[in-house]
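If you follow the hints, you should be able to join the two separate chains into one complex; please do so.
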Amino acid sequence: MKYSKEVMDRYNSPKNVGSLDDNDRNVGTSVVGAPSCGDVIKLQIKVDDDGKISEAKFKAYGCGAAIASSALMTEWIQGKSLKEATGIKNQEVAEYLSLPPVKAHCSVLAEEAVEKAIKNYWDKNNG
Amino acid sequence: MNLSYLFSRDDNEWNMSSDIIYMDYQATTPCDKKVFNEMLPFFCKDYGNPNSVHVMGSRGKEVIEFARKKIADFVRADDPKEIIFTSGATESNNLAIQGVARFYRGKGNRIITSVIEHKCVLETFESIGREGFEVIKIPVLKNGIIDLQALENSINDKTILVSIMTVNNEIGTIQPIDRISSICKRNGVLFHTDAAQAVGKIEVDASKVDLMSISGHKIYGPKGIGALYVRSKPRVRLSPIFFGGGQERGMRSGTLPTPLCVGLGKACEIAQAEMSEESKKLTKLKDYFLEKIFSNLSKVYLNGDTEYRIPGCINLSFEGVEGEGIMLGMPNICVSSGSACTSDSLEPSYVLKAISIREDLAHSSLRIGFGRFTTFEEVDYVSSKIIEVVNKLRAMSPLW
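Chains as they are written, first to last, in this note's numbering: chain A, 138 to 264; chain B, 40 to 439.
Be careful, since some hints might not be right.
Unchecked claim - Derived lysine to aspartate or glutamate pairs resembling EDC-like cross-links, with alpha carbons at most 20 Å apart: (1) B:K431 - A:D146; (2) B:K224 - B:D196; (3) A:K139 - B:D58; (4) A:K152 - B:E427; (5) B:K424 - A:D146; (6) A:K256 - A:E221; (7) A:K139 - B:D383; (8) B:K73 - B:E317; (9) A:K139 - B:D63.
Claimed, not checked - Now the in silico label distances, taken between C-beta atoms and shown as ranges: (10) A:P238 - B:F142: 43 to 51 Å; (11) B:N226 - A:S141: 54 to 62 Å; (12) A:D161 - B:L187: 55 to 63 Å; (13) A:N160 - B:E386: 37 to 45 Å; (14) A:K256 - B:Y347: 50 to 58 Å; (15) A:A171 - B:G263: 38 to 46 Å; (16) A:K142 - B:R144: 56 to 64 Å; (17) A:E143 - B:F415: 36 to 44 Å; (18) A:D260 - B:L187: 53 to 61 Å; (19) B:E386 - A:D161: 33 to 41 Å; (20) A:D260 - B:F415: 51 to 59 Å; (21) B:S337 - A:V239: 30 to 38 Å; (22) A:A171 - B:S337: 18 to 26 Å.
Treat the hints as calculated values from the structure; they're not laboratory data.
Ideal placement from N, C-alpha and C gives every residue a C-beta, glycine not left out.
The following block holds chain B by itself, in its conformation from the complex (with noise of 0.2 Å):
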């Protein structure tokens, strides 16, 4: 393998490579350099365990410490103390169910998530169900908004839990999470949301949920690194699923990674200095892409809600084509599609299918994520080769 151009890039190509595209936004992001290089003193120079007792540990101990204040502050947490570091989103998924499930299993057995939930929430509740555990899927109305109607009837005196996403990764619709948090508060059932698709894209107010979830790599950090809020007025408790050395206050042994940590805290920072002028310039790129997209072809649908939607995930379906036959027309753009084709199952988006869009729409469905360093350029590139490659494959298609 070539690996030559990873020692070619100078800084103005740190975030591209000259002849590739990335709107795949939802599936990482690139890491930003300030985070990269806020990072790199912690590899070999600071490198202290943060919980040795000597002056390299506090070195440690301190930049964590920083760090998780920052994060705490992002998504308005009390106490930064609230802020549990795991290895990323899908870890502080597991820990915020499975642990409360089995800390609070004596006062009920039910607990409720929904049908769009990203696949470790989805498969650590078929999981915990095994345990003896009664698993609640809530469906989702067609613009991908939970039933609320549904939740509030789900409910029951046995119930200890209910995780909803707060952004959906594949139609970026955004649940209404005050609505929710107050189902959850009048029934005194503890509410988890999975806020990776949300953190850094809109505003998230921890005050409103009991346990959130956050990735780093979702939000210009690196990847091996998330958190979990795990609110401590009224204290909320987690059976843990690691043991060992007692770290993150019992509830996630193991040593943390300064760097990661570090990371994630000035991805926060950096974050919340910037989302309200980026979300801007993402909305500006994405009115313009669905302008252009829908003005040159006809028979094309937006998926998920239209009003709340984060704006850089676009996730629409081409009648008459299929996903991954769009995506081998630009083999240098990178997006993403529910088709049927693009998975090893052989079987569409699950979430494309519980909105209830028609099969072959389905089929037909590509994401397309813009974030920080998409440009005005890029877009108008994109939607004119989509468009080409669609005609081109409308031509040809026996629906059509």
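Chain A with its partners taken away, still in its complex shape (with noise of 0.2 Å):
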């Protein structure tokens, strides 16, 4: 597979990469994918008191575009507000990194973490 500059970059040296602690109220957890499929992404963000974005950090268990988009997520979301974070879709990922059509369902993946990261924060402190 040949990737572009943007995914090898990530892959080589991914920002975020970590975890938040789950007990805190303020960070909100997801975990999508499945292995059998190959790909899992475990994404977390902290929001702080003004509703935005202050951390996000990811793990990622897959191939270069799967490790790419959830980084690149993670820095695009971080500093953002929930809606605007909610606001990013899979095609911009995919565009940015220039991923081949094949490897579309990682940033699909991507976008789904960040959206369920943001429902388990909700659901945290709202439920």
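Take a look at the structure:
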């Protein structure tokens, strides 16, 4: 698989790899994908008092596209409001990383990871 | 495209380019320089059509028959005429399966193969199945060895052919050809084996089978040539799949590619002379490699049988990381993976599925292939690199 520089940069030195404390009520966590499908993304966000994402971390099991899509997502959502973060579509990720069509599902997974992390945050705080 | 590198190689660089380490010997092998040199005169100098009756034709015919004899000797065929030249193992498998099925159709319509055969066997069975043949695919045990009881049970009086590979291309498992052979003999069924991954690595014996497929480029010969052994006593008949000038005793029409035939013969001659030493070398390299991997990484699993396997084919699953992910971390190292991400279909390897390994471990697999030109330094470097990349990816894996 021939990947773009954007993918390779994130595969080689991804920012935001790691975990946040799931017990913190300001932290939303999601795990999407399945080991049996070859892709799993865990994504966490920390939301500050202004409702902005102050920190985003990820871990990924998968190919270069899965790692790069989740890494890019964490870069993009930091500093954004939850609403702005929800607005980031998978096509933008796929386009920015020049993902080949067969890898488009990796960007879909990254979008789903953000949505579910936000939902988890809301469930914790309004549930 | 810059092709200048093709013209700057000297002899020492023949089988390597400085920064690339090739460890995918099951996919293909480099052409041995001794093979290449032997082929050269037959492109531009002795180019006669081996079917021509004049002096140029007979020269071609002579060297082809010489090559045919070398191949026959190597696979222990009784008679060189039992060797039919084809374009490669894919064609050999097509010819054997379609040829036997169609010729013996009057005798029965059940044809049997296994679930871990190469695609060119499985797809040929699928295709011929649509012509009214009943296709049975025998499962394999967890070690990749064919379920002999299932084979025995699926043979009925309508069965005309069993096709089981000698060595699997993904996991390197060696099938019990002797036992399959006696089951087939006892039941009066023809036995074909795809020996593309076996020839040159283990002893093969044509006297045990009725048909055997061989490939040139898997044994340091040229691409585009292969052979099919077709037993003559008792005679095995085939319906041809190509029609034309009636070459190869009517079984495979088409002008023989003299240089390629010569190359295949030479490749067999070299393999015959070097196989036993080569196998010892590869076993040492494999033992060193596995020892280093297992002592530095936990939760790594060897796929396929631990004993009945060729030493040059190592298939490992690295829990917690994905195969293509590992390959991406070592872009100058050529290996392959059973991960879905390395296939266009997004399906993981059907061979790994057939040996019932956990689905995530199929995605986590790497096939590392050693061969004639693999050096200890390369094995040492690649094992270190794999350990480094797997550790790095595990650190960012949610499954680790």
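Hints, one by one, checked against the model:
no.	hint	in the structure
1	B:K431 - A:D146	15 Å, holds
2	B:K224 - B:D196	13 Å, holds
3	A:K139 - B:D58	18 Å, holds
4	A:K152 - B:E427	19 Å, holds
5	B:K424 - A:D146	19 Å, holds
6	A:K256 - A:E221	14 Å, holds
7	A:K139 - B:D383	13 Å, holds
8	B:K73 - B:E317	16 Å, holds
9	A:K139 - B:D63	18 Å, holds
10	A:P238 - B:F142: 43 to 51 Å	44 Å, holds
11	B:N226 - A:S141: 54 to 62 Å	57 Å, holds
12	A:D161 - B:L187: 55 to 63 Å	59 Å, holds
13	A:N160 - B:E386: 37 to 45 Å	39 Å, holds
14	A:K256 - B:Y347: 50 to 58 Å	51 Å, holds
15	A:A171 - B:G263: 38 to 46 Å	42 Å, holds
16	A:K142 - B:R144: 56 to 64 Å	57 Å, holds
17	A:E143 - B:F415: 36 to 44 Å	38 Å, holds
18	A:D260 - B:L187: 53 to 61 Å	55 Å, holds
19	B:E386 - A:D161: 33 to 41 Å	40 Å, holds
20	A:D260 - B:F415: 51 to 59 Å	57 Å, holds
21	B:S337 - A:V239: 30 to 38 Å	32 Å, holds
22	A:A171 - B:S337: 18 to 26 Å	23 Å, holds
Every hint from the earlier list agrees with this structure, and none is contradicted.
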